[in-house]
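J.: The residues making up each chain are set out below.
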Amino acid sequence: MTEIERHSYDVVVIGAGGAGLRAAIEARLQGKKTAIISKSLFGKAHTVMAEGGAAAAMGNVNANDNWKVHFRDTMRGGKFMNSWRMAELHAKESPERIWELEHWGALFDRTKDGKISQRNFGGHEYPRLAHVGDRTGLELIRTAQQKVVALQQEDHAKHGDYEARLKVWAETTVTRLLKDADGKICGAFGYVRETGKFVVFEAPAVVLATGGIGKAFKVTSNSWEYTGDGHALALLAGGTLLNMEFVQFHPTGMVWPPSVKGILVTESVRGDRGVLRNSEGKRFMFDYIPEVFKDQYATSEAEGDRWYDDPDNNRRPPELLPRDEVARAINSEVKAGRGSPHGGVFLTVVDRMPGGAAEIVRRLPSMYHQFKELADVDITKEAMEVGPTCHYVMGGVEVDPDTAAARVPGLFAAGEVSGGMHGSNRLGGNSLSDLLVFGRRAGLGASQYVEGLTARPTVPDAEIEAATAEAMAPFERKDGENPYTVHAELQQTMNDLVGIIRKEEELERALVALGRLRERVAKVSVEPVAVGDGRGYHPGWHLALDLRNMLLVSEAVAKAALERQESRGGHTRDDYPQMSAEWRKVNLVCSLAGDPSSPHVELKRQPMTPMRDDLLELFDNDELKKYLTAEELPAGLAEEVKAEDGEADDGKAGDAADESEEDGR
Amino acid sequence: MSYEAKFKVWRGDDGDGELTDYTVEVNEGEVVLDIIHRLQATQAPDLAVRWNCKAGKCGSCSAEINGMPRLLCMTRMSTFAPDETVTVTPVRTFPVIRDLVTDVSYNYEKARQIPSFDPGDAKPGELRMQQVDVERSQEFRKCIECFLCQNVCHVIRDHEENKPEFSGPRFLMRIGELEMHPADVADRREIAAKDHGLGFCNITKCCTEVCPEHIKITDNALIPMKERVVGRKYDPVVWLGSKLGIVKKGQDTPSA
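Here the protein sequences line up with chains A and B, keeping their order.
So for the first sequence, the working numbering puts the first residue at 80; every next one is plus one.
So for the second sequence, the working numbering puts the first residue at 2; every next one is plus one.
The hints are simulated quantities; they were obtained by calculation from the structure and are not laboratory data.
Backbone N, C-alpha and C fix where the C-beta goes; we use that ideal spot for every residue, glycine too.
Don't take each hint at face value.
[Claimed, not checked] Which bits of chain B does chain A cover? Going by a derived footprint, with three or more residues having C-beta under 8 Å, they are:
hint : stretch
1    : 22 to 34
2    : 42 to 55
3    : 59 to 69
4    : 120 to 127
[Stated by the list, open to error] Here are some chain B residues the structure puts well away from chain A; computed CB gaps all over 12 Å:
hint : residue
5    : Tyr4
6    : Arg77
7    : Gln139
8    : Arg158
9    : Lys164
10   : Ala194
11   : Pro213
12   : Asp253
Only chain A is shown next, with the shape it has when bound in the complex:
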């Protein structure tokens, strides 16, 4: 039997990004002995990549801002698919969470009167994003990291041991959640990267804060850690995933050079006169203006070019269409053979600004720097090659909005791994504040859950044996496939068939392909490394174990995408291009079923909880009519709509002409 370490905690937090650190800080502040399990080194999590800022209605720049306006913007951005309770809590609590960060030492950019400065962003009515230049995510993670250290220093003063009450397990990966005989969480099982040694964390409460799923796709802005670990762990423990079909693709990620494939090119490049061209040099977006937008977008290059200086008397250039439209157009051009050499299209600002190269550098400093340093491309002289990139998953673990509790006793989730908060589409800036608000709530929820227990659950030996056998399996199998090959094919399948534009026939093919990949994932094998017991810092082995998670989340995304027959936010169906008020009422919930040794994803429809009246009242009636069915509308309004429906051919409020976009990066 393999040697296994055992450690006991009150709360174990899996993930050390913004949500995980905030959850762990809260649990420790509540007096709980807490562990943070970090797949990377402490302070390296993907949160560092966030640039824009953290949305919080502090009203520092525009005093009219308040939680109600923020709530409204969030619901609009999510196309009313959001868990309205989460959106409400988020809007109300974000300011406190930002001030708290400042009180822990964060240094945000300032207003003239010395308060935290706030910037404008797509979809936010007022300047709302607390920020530090374009590195807000780094400031957030560093501050939370330093708060963890501050708490450890307190513990050191009191107990003589920095790690007495709060320990960071750096470079440690959890592969299974453990449950006791009553079906309650009793711990987690994982390995330490450096040695490959297995560890059992005995704990009555586990918080998932593992981030996203981007590595299931070939082109992504996400790092290697984003393999859907928390999503899969929740499923495997009997939890549920909500609305996994909603995946945010950004239309302009870098596609060349390969070293930076998927990294974002901010939307402001297009706002600052950047144009999209195909391999024939044609500004192709003029061919892709949908009927509903015809009145708002320029039909000639000359008119589009006049808009930048005179927006009142000209229509906007079609490069500034909503994200899904731009992404769809890029897709079509590439499929028609008019793409750039590396499978994207050209985005260029060369000769587009009156002030020439100097103005480009001045207006787009971070993009100039990004391309110069990472790609050796001088954007003042050359075009960029861009294409859609997988950026963020709105879907995730189904949780109770107030406590972040998942559907398994003792399991909690916060941040990108949780679902509901962002509905079908996330606004830029709402991610960082999400991490703080629900990270704290998850830490609190877990602590209160532990306090309410009469006895601590014990870890059954069989659970540990099963988890050990599963983790060792890639070494036991001989002559199996190389995990890298299988991973590459999984990513290709998801990119090609479950990408930004979806249709029934392709999704069905994807499910068949995923079925075959499931068999191959079950057979991958690795050789031990030449030193020690063969498991120390073994990237092939790690990937072999991550593949299980990526496969499960891919199945969940594909199944949900096939089921939802409408287009909304981060889910675009070529065959169902309209948004449907009937579908808005439907949450798609994934769980696992079938043979426990090879379970499959099962999908069920679950009605959306109707929004509270006082929240409904925050919206104009005309706006509610766009999203809700007649039955859902407030009484008087419903009568009005029914009368109108007599004239129209059906009652579905298909409104593709929604312009409130989006992530804003």
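Using the hints, position chain B against chain A.
T.: Frame of chain A, contents of chain B only:
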């Protein structure tokens, strides 16, 4: 525009190891980390390397390339001639775990000894600071903790014996950051010299040179800290005042 490049990659663990030769495909536009990944996927699936964001923002993939401390993700292959052998070795100042991965726990231990930010009596939401005042510390908070400055610093590079008394540029800069933080009330000048070895630094600026974030570590953090430490110790007015009992010295904050 592919070519076959010659690579020498250090393979081994904390016991011993050696440079191993590889011939590996290089394509236009790639960085050294891409080549390391290609080695993993095709020739050496167990080759250990630490990396995360691949965009120069997380500071995980520090190593030495032809002897220079660099981030693997920020070193473009186009900076080498196609016939040039590229040698990749782990950072030298920290013990090797395996291959290109080193044990950087020294840094996390030093971080824990520096007294944390202390806002005094201020309540959350009450702090008011001017942009010009926060900018000094903001520069230091750009640090991505790649620890290349720690690696290159001659005080501890090849001088294991100095590690207990010297926290390195990264953490002396952290002390500077807190000292210059407009809302912090603690005084870390005494411990900067006494516990963290500020005096070891003889401003050769190697740390500044290797910083991928282009932070002016020496000029903007370490030298001003040296001045503040000296100012605290030798300011003649304070000295005289304290001798006469009319100036009380501030409370020094001890290391944590």
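J.: Work down the list of hints and note, for each, if the structure agrees.
T.: Tested hints:
no.	hint	in the structure
1	22 to 34	holds (count 6)
2	42 to 55	holds (count 11)
3	59 to 69	holds (count 3)
4	120 to 127	holds (count 5)
5	Tyr4	holds (15 Å)
6	Arg77	violated (6 Å)
7	Gln139	violated (5 Å)
8	Arg158	holds (21 Å)
9	Lys164	holds (18 Å)
10	Ala194	holds (20 Å)
11	Pro213	violated (9 Å)
12	Asp253	holds (16 Å)
When held up to the earlier numbered hints, the structure conflicts with 6, 7 and 11 and fits the remainder.
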